[in-house]
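> What follows is the residue order along each chain.
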Amino acid sequence: MERVEVLKTYKIYIGGKFPRTESGRYYTPTNAKGDALGNICLCSRKDVRNSVVAARKAQGGWAGRAAFNRGQVMYRIAEMLEGRKAQFIEELIFQGATKIKAEQEVNTAIDRLIYYAGWCDKYTQVLGSVNPVASSHFNFSVHEPTGVVGIIADESTSLIGLVSMIAPVIAGGNTCVVIASESLPLSAITFAEVLGTSDVPGGVINILTGASEEMAKPLSTHMDVNALAYSGNDEAVLKELQEYAVMNLKRVRSYTKDWMNSDSQDLYMISDYQEVKTTWHPIENIGGANSTY
Amino acid sequence: MATKKKNNQPVEWNYSPALESTSHVKLKDKYELYIDGKWVKPSSKKYFKTINPANEEVLAEVAHANDKDVDLAVKAARKAYKNVWSKIAPSERAKYIYRIARLMQERAREFAVIESLDAGKVIRESRDVDVPLACNHFFYYAGWADKLEYAFPNRKVESLGVAGQIIPWNFPLLMAAWKIAPALAAGNTVVLKPAETTPLTALKLAEIIHDSGLPAGVVNIVTGYGDTGAAIVNHPDVDKIAFTGSTGVGKIIQKAIAGTHKKSTLELGGKSANIIMDDAPIDQAVEGIVNGIFFNQGHVCCAGSRLFIQEGVADKVIEKLKHRMDSLIIGDPMDKNTDIGAINSKEQLDIINGYVKIGIAEGAEIYQPKCKLPNSGYYCPPTLFMDVAQSSRLVQEEIFGPVLTIQTFRTVDEVIQKANNSPFGLAAGIWTDKGSRIFNLTTKLRAGVIWANTYNKFDPTSPFGGYKESGFGREGGLQGLGAYLKMN
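Line by line, the protein sequences are chains A and B. Every letter in the first sequence is one number past the one before it in numbering that gives the first Met the number 0, and letter 98, counting from 1, is 97. Every letter in the second sequence is one number past the one before it in numbering that gives the first Met the number 0, and letter 142, counting from 1, is 141.
To be clear, the hints were calculated from the coordinates, so they are not data collected in a lab. Worth double-checking, as some hints may not be accurate.
27 angstroms max Cα-Cα, derived DSSO-like pairs, lysine-lysine [what the hints assert, rightly or not]:
#1 276/A x 456/B
#2 86/B x 100/A
#3 45/A x 84/A
#4 262/B x 485/B
#5 81/B x 37/B
#6 254/B x 67/B
#7 94/B x 100/A
#8 276/A x 216/A
#9 456/B x 74/B
#10 48/B x 27/B
#11 81/B x 155/B
#12 256/A x 94/B
#13 37/B x 256/A
#14 81/B x 261/B
#15 433/B x 276/A
#16 155/B x 261/B
#17 256/A x 216/A
#18 456/B x 321/B
#19 84/A x 94/B
#20 56/A x 45/A
#21 37/B x 25/B
#22 10/A x 98/A
#23 98/A x 94/B
#24 10/A x 100/A
Take a look, some chain A residues computed to stay more than 12 angstroms from chain B by CB distance [what the hints assert, rightly or not]:
#25 10
#26 45
#27 120
#28 259
Distance ranges between label pairs, derived from CB positions [claimed, not checked]:
#29 461/B x 278/A: 11 to 21 angstroms
#30 280/A x 412/B: 18 to 28 angstroms
#31 442/B x 234/A: 46 to 56 angstroms
#32 278/A x 456/B: 13 to 23 angstroms
#33 281/A x 336/B: 41 to 51 angstroms
#34 108/B x 85/A: 26 to 36 angstroms
#35 486/B x 280/A: 52 to 62 angstroms
#36 456/B x 5/A: 49 to 59 angstroms
#37 143/A x 486/B: 22 to 32 angstroms
#38 442/B x 250/A: 48 to 58 angstroms
This one's a predicted model, so the numbers in the text were calculated from it and none came from an experiment. Note that beta-carbon positions come from the ideal geometry of N, C-alpha and C, so glycine has one too.
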């Protein structure tokens, strides 16, 4: 007798745990052939709020990690993803990609994680400065994470858009709440399973599935979200996000990049989610006047 | 340490030995040269013994490379540079370096044990400082490989070609990492010579590099003495010399490559000032003094070997320092309780003892705690010299051992003058509770690294290197990359 395959229930990822949506609702996206991708969680605004709470709780700890350690954790995500490549390729193909495209997408996602892993302990050295003020002060500027970032991931890709947005945000010590692609949600959830086994502290990355239109508002009006990242070219959506962002002066970043491009990654996607802090410290000015050795 | 029971009978509180196991360590009896991805017998047919300085037992025999062997290594490096390493995508270069870092992390304990066996370094330091820092250095520089254009804005950067690298015996694996990691990240290939007394961890690193699948010839490890190093320096097809070692040898190298196209970085000797102001947190400062001079038996180029104490607190600091020295444990490097291990070699022990004699002859007051030294192996007790003159040879010359000179001062001005009055300029330490004073001193001291209320701290992201006769060029951080790049 043929063995009956066990099917996976797709869940969401909040605070390091895998619940179903609190609303109990679901939706059933299909691929081009009409196959159902699964009963995917149709997340609610309460799920959004729970995620923001989890992200905020994790933010201080994540930002407080040594930059080197954040880099190692991100490298670990890449290692775990590499080991589960086959599963991602299978899901991408099921969602409509060709085998070659699917392989490319997973490889690019792994390499992108490694790229940003490397930046963790380098961007402050490239972006920071010691400022030659005229008075007798030691004055320097360093970058610090903006805080909790709401990410509305690329709708047209399942994995690469999501990874390309998350990686620079967490490399810089932020935490995030991510709304996955509505029509291609499978890789986002499987990626959450990779995160769950990659030493990423719970709450650093929270991933929700469902109707982007429904969740965008609670996310972009949330007073404990510090920045919004939007991938896509719907001007109306962007305008709406920009207007909602005003309430607590969220920084809004938007991208229309083709994430499959190997150069759709750079340092400035990290600095998009950074604040500059400048410190003044007096320099005592005695002695050594003739020290010319 | 002795304490007293109620009936006034002293009780000896000794630590039981806590020996690190060596059972998991794999060492061969004989090591060949690692050239072009293969283990090659030396054309010199000569081998030398590397011993454990803690007990003088032979650990392994190691090949002694001559001019021909070095030529073979440089040719392999050139071929690998031309055909492979300069052509592969930077992001792929990064992945190889990450692999090396990960493989080192996986075998970290084995490296730590071998380092302690071969160098006499205490296991606590090999395990917690040398090896993790070495791994982290590879991990850090791996990430730079595909980001070089950010490091030097408005410059088109290009790799140099073949880097010849010669490293010392005080931090054998760590120095190999400091040299190889940035060179590879920048796209160069490497011929590296470890020191003759401590070749084993570099050879183990060659095994890991081999396991990582790094293309053959990208890293070549040739062992030998000064003649092997000279062959690398003088080879016409080497584009860059990176040397860490004594100022004397550094000058010979600078002269040898004068008039050639070779770029160089030299990380040389030091005689670093450790300055205690009268408002310093004294207990913390005493720990800093001990760490500054006795870390790694004082075999540290940036050792805080000249202690300057402000007069008002001098007596108190010296008293506490002596008390702290009395509790230091000198002995078997493999014992996790040991604070000070073995001197790296007989030669170095003779040099240190020579300086101790000079100090006594000059009339300086000496202090050494009463401690039992092991019967075999090379050991030197921690040593203080008080009332030394600025002109004393002990103050002016690098001793490279656990010997500290103490001078006092009254004003900030005076200590800046005295601290800067040295041909060296590698590092300095400042101990004070006043922030503005720290920044005043960091501004005026002529040294490449200044530690404020800490000492002997290292990190892959932090540039290290000296002013004046302590050398030129920096290792670590973004600055460490520049040394391995042509800037167009």
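> Hint compliance check: list the failing hint numbers for this structure, sorted ascending.
The structure breaks hints 3, 8, 9, 13, 27, 35, 38; every other hint is satisfied.
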